[in-house]
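Novice: Take the given structure of chain A and dock chains B and C to it, following the hints.
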Amino acid sequence: MKPRAWSSVLLLTPAGLLLAAFFIAPIGQFLQQGFLDREGGFTLSHALRLREAGTYADVMWTSLTISFWVTVFSILSGYPAAYVLANADRRGKGFWALFILLPFWSSFLVRTFAWIVILGRQGPVNAALLAAGISDRPQELLYSWGAVIIGMTNVLVPFAILTMVGVMERIDKTLMTAAGTLGARPVQAFFRIYLPLSMPGVTAAALLVFITALGFFMAPALLGSARETMITQLIIQQVSDLVNWHFAAILCLLLLAASLILFAVFDRLVGVSALSGTASLETGRQARSGANHAAYAISAAIGDALAAVAEMLGLSPPRTAGLALRTRIWAMFVVLFLVAPLLLLVPVSFTGNTYLSWPPVNPGLRWYSQVLTSPAWLSAAARSFIVALATAAVTVAIAVPAAFAFLRLSGRSASAAFALLISPLLVPRMVIAVSLFYVFAQLGLVGTATGLVIGHAIIALPYVFIAVIAVLKTYDRRLDQAAASLGASPLRTARHVTLPVISAGIISAALFAFIISLDELNIALFAAGGLQSTLPKMMWDEATLQFSPLLAAASTLVLAIMSAVVLLAARLRSSV
Amino acid sequence: MSQPKLDIIGITKRYGHATALEPTSLAVEAGEFMTLLGPSGSGKTTLLMMIAGLTEPSGGVIRLDGSDITALPAYRRNIGVVFQNYALFPHLTVAENVAFPLRMRRQSDDAIRSAVARALDLVRLPHLAARLPRELSGGQQQRVAFARAIVFEPEIVLMDEPLGALDKRLRDELKLEIRRLHRDLGTTIVYVTHDQEEAMLLSDRICLMNNARIEQLDLPTALYERPKTRFAAEFVGESNILTGRVEPAGIVAGGLHLPTAHLSLLPGPGAEASVLIRPERIALGATGERGLAMTGIVTEVIGLGGTRRLVVRVNDAIELTVLTFSGDKPVAAGETVSLTVAAEDIVPLASGKP
Amino acid sequence: MKTKGKLTRRSLLVAGSAGLSALAMPAIIRAQTKRKIVVRDLGIGSSFMDAYGRPFTEATGIEVQPVTGANDPFGQIKQMVQTRTYTWDMSIVSRQIANQLAADGAGYLEPLNIDAAPGWKALPDMFRSPVYAGNDVVATVLGYRTDTVKTPPKSWADFFDTKKIPGRRAMRRSPVDTLEQALLADGVSGDKLFPLDFDRGFRKLDAVRKDIGVWWTSGAQSTQLLQSGEVDMCPTWNGRAQAAIKSGAPVAIMWNQSLWQSEGWVILKGGPNADLCREFIKFALAPERQAVFAAATGYGPTIPDAVSKMDPAVAKTLPTHPDNRAGAILVDVDFWTQTREVATERFNRWVVG
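Each protein sequence line maps, in turn, to chains A, B and C.
Heads up: the first sequence is residues 1 to 576, going by the working numbering.
Heads up: the second sequence is residues 577 to 930, going by the working numbering.
Heads up: the third sequence is residues 931 to 1283, going by the working numbering.
The hints are all genuine.
Here's a subset of chain A near chain B, in silico, CB distances under 10 Å, partners left out:
no., residue
1, D476
2, L479
3, D480
4, Q481
5, A482
6, A483
7, S485
8, L486
9, G487
10, S489
11, P490
12, R492
13, T493
14, H496
15, P500
If you want the ones that stay clear, here's a sample from chain B, every Cβ over 10 Å from chain A, calculated:
no., residue
16, S601
17, R789
18, E814
19, A825
20, A893
21, S902
22, T916
These are calculated hints, taken from the structure and not from any lab test.
No residue lacks a Cβ here, since even glycine has one placed at the ideal position from N, Cα and C.
Chain A extracted, bound-state conformation (with noise of 0.2 Å):
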């Protein structure tokens, strides 16, 4: 056994090394600093003006108040959609599948912009609400409290759905036919068997939803007023306006704090492992105990509460064989809420105006050419793509080798090593990013694609690591034993056997590290504008400083390029 212990010590380390220095490392040396002094002493009076006129506990409570109505309504969209996945035939599963995967890969910057043309005073929904006689006049939808929680919803509904997905397809389909022949009606088996199954489900889903929503910063500034500011946005403030690193830190600390309790609190109800999708890792089998009982007493007693009120309004859940009209419609809308924004960018990037309008006039190309002529946008793009690839290629390198030594890992060691993986899941990415950018400025990193590499690996590490575990469990161990009985030695069983065939799901999860560190923000918004631009911080600029169409041109080539590379993954998969 000591010999194997070693080798996963040795797989594990790269991960570590990586970890250790661009994560625990930068975080708390900036941390640090909110205690700090110009002169290096202690002080606590940076800390102390987190009373001052309530305005930074005002900030903190609208995030969190914003973030909390997020993820009602994520769950709440969400759940149906992810039930019509989840219970969908293989034709079935495809087709929706695609439509929510769509918005999911695409720019959340995108999604985001869009809104403000779609609930704009000449916007669609206005026009839509003028022709129908709904209103007389048009209605002040954008810069408001509903706004931004309408394009945040938007933006994490896909997160709810495929987290909640990832349970529901684990449950056994003939309970609910059991739970049938047993006496109970529909509304009783969903509300009493599906439901409470689905639970791990769901609050990790809203665990997700709300850690991600709480650090939102580009749909309160893009579609809020100044009601709705968030906290991100006081902390890119401090570092991009007034280089205020003391309270910067005082304030990343302050949102650190507010994820962890979260995460706590979770980690109490259901356990850890549920975030990964896959219920039977070895870490979650801890947590199960006692605590477990408590999240299903909680899912229980919410069910009976929802199935009293189903039946009141005569509501009917879904069926067991087929899938209830209803569900299926309400899915169609969830499916088009997520799908609107993206379809909306199409038209508005042809429009011949100067300036973002609805509808679009006198169509014509110049945006695009004007993008595709453009050498700050085109590198920006090389950039982007090559730091994005080279994310992908040092992510997946450093996930496998510690996905293998994780599986075979047990009790005190395996959740050691799954909470140190999957931790930058936990921390916001601004805090990530803003501890990065300050360790970064001592090293002349900043703005470099190494810096890039380094902040982008950090942020897709945890996503990596749980998608190859996922591959690896599915992966039949007999085929290595087997392997081994044929006469392969282990490096030519890894090379032929192994790898070939978890390569399939090894490309989709660099494909899942490409995607996120082509869409991410937060590490490149520090280093301002220049020749290092990445593409989501010449979208943001163009976004917040330009408000052009050119932004829609952008983000329609960049969703074509993205559907193509999603395409791709869907065929490698169904090929291997």
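Specialist: Then chains B and C, alone, in the frame of chain A:
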């Protein structure tokens, strides 16, 4: 006496405090078809995996043709394994799967091509060489797995419940196929199953396992007709087991005197002992043979197609299962019948652990 | 399907390794020491490149890369100089930001030292400092939609009077300009405006807080708000309102009580291309070049001679035109240099409250 092909001496496997296999010794002769039979958890697969080198033994020695292979890694043992789920490489075609062990042995392309063709001919699948495993039926996959396990002419072929995942008809068909291949190739085979019919049909010898040790190692017929323990009697075939007190010529159970021809297997008079009577060895009507004759009331008649199972109550104390052919004179529940058992067919069993 | 999958996988690998080797490329490019400067400009269409960038490259062979940055990029420039990551070589900033950058610590701007250049000599004193060369005059004005605003506003008091002139309003998310407007609306006269009475200003802002639908953060956003009719009235820089008018939107400008300040060129301290930037600034300080820029942006030239090189019709739209400058008030740059940080903190707290 010639040296055994495979000689297992005191091999054992422990996981922490749990024992997967007690120290076990077993010798397999060259060309023999040896079956490890037993319920799940009996240690048979552990034993097989240790022979293959895929599980490291906690103690003991394994010899192949006289040389110690205990410490040899699996890939140097030259032992073919057919896995329960076949473990065909999903990314390789049938031909590539079969060629795999030869490639690992760095044989020439020509040699590989002809060996693969021969192996696929042998399992009657030459037309599927270019397919991927997932395009094959379960039975076809099983044959490919077999071809792959024998193509490199291993010293022994191990088979771990190779028919477990198939339906009964296919299982019956492939059982005969395996028997044919064993005869044609003369390979030494160690075969794991929990299906006693499979074991009976295929094996030269059966090693019955229970509770992490060997329960009985015997010829199939001997195992059936002369099981040594209650477990062996119950696991292999149907059985009536009667427990009573030992008397000079047999035992007395439920007021019946059961004379046995195997007196030497009984403990001393007065002790408690069990005897086995196979249901098909109980004859309806008086045959006049020396042994046990009794009358009883038929309580249940179950038609099984070719045979018929009767449950007969004797002396209001004993229930016996009797197997007759459907062609025999029909019997109805409630009828009183007379039964005869030859003393030869009343087999004493060792009580508890041997 | 299978071979395709294999091919694609292989090509992905090839692409991956190509990408890795390309990672090393920026270093190679840098090593070539191409003569090139990166300039943060105002980002108004192609005005910067048309007026300065392209002519400069034609004349000198030095390439110019324009980038857009946030308004008043005080933090960004400070950071770049502090971390010595010069993503910009030089920038156009307001006089106030230039003063503040020069006054902060050891200063973040390179001394210009172009005293001998004819353009520098032609520049009125109010538009230059040792680290700053004025390029244009900006007036903060009120832009409003002529289709929805029936009574044209005549003063900031009108803008703050939501009963007299109903409609959705936007304001700049900054204490600069906003507090001046509030105080003017509250009856403070232009000549007594500075030093600003913050308490009084915020009280006035409190009164209209709920009527301000949008707090804009970039000039382009204010143009977009007026163009799309998202709001009916929006204080903004005259060039930004002019852009909306040029695009054909029904927008007009209230010139009365406009707030004047200048913008100009600065060079980031210690940057690798400071000398190239000096060449650029000398080149840009020419009446012909400023005339092109003024016509494209609507901002007034700092070199008086430039007006004579312009179409008189266009000159009428500039803040420097006598009709437009009549009611103008000059912003006290030094006041803001001293108070900006405090005011920003207070304003940020006020605006989210």
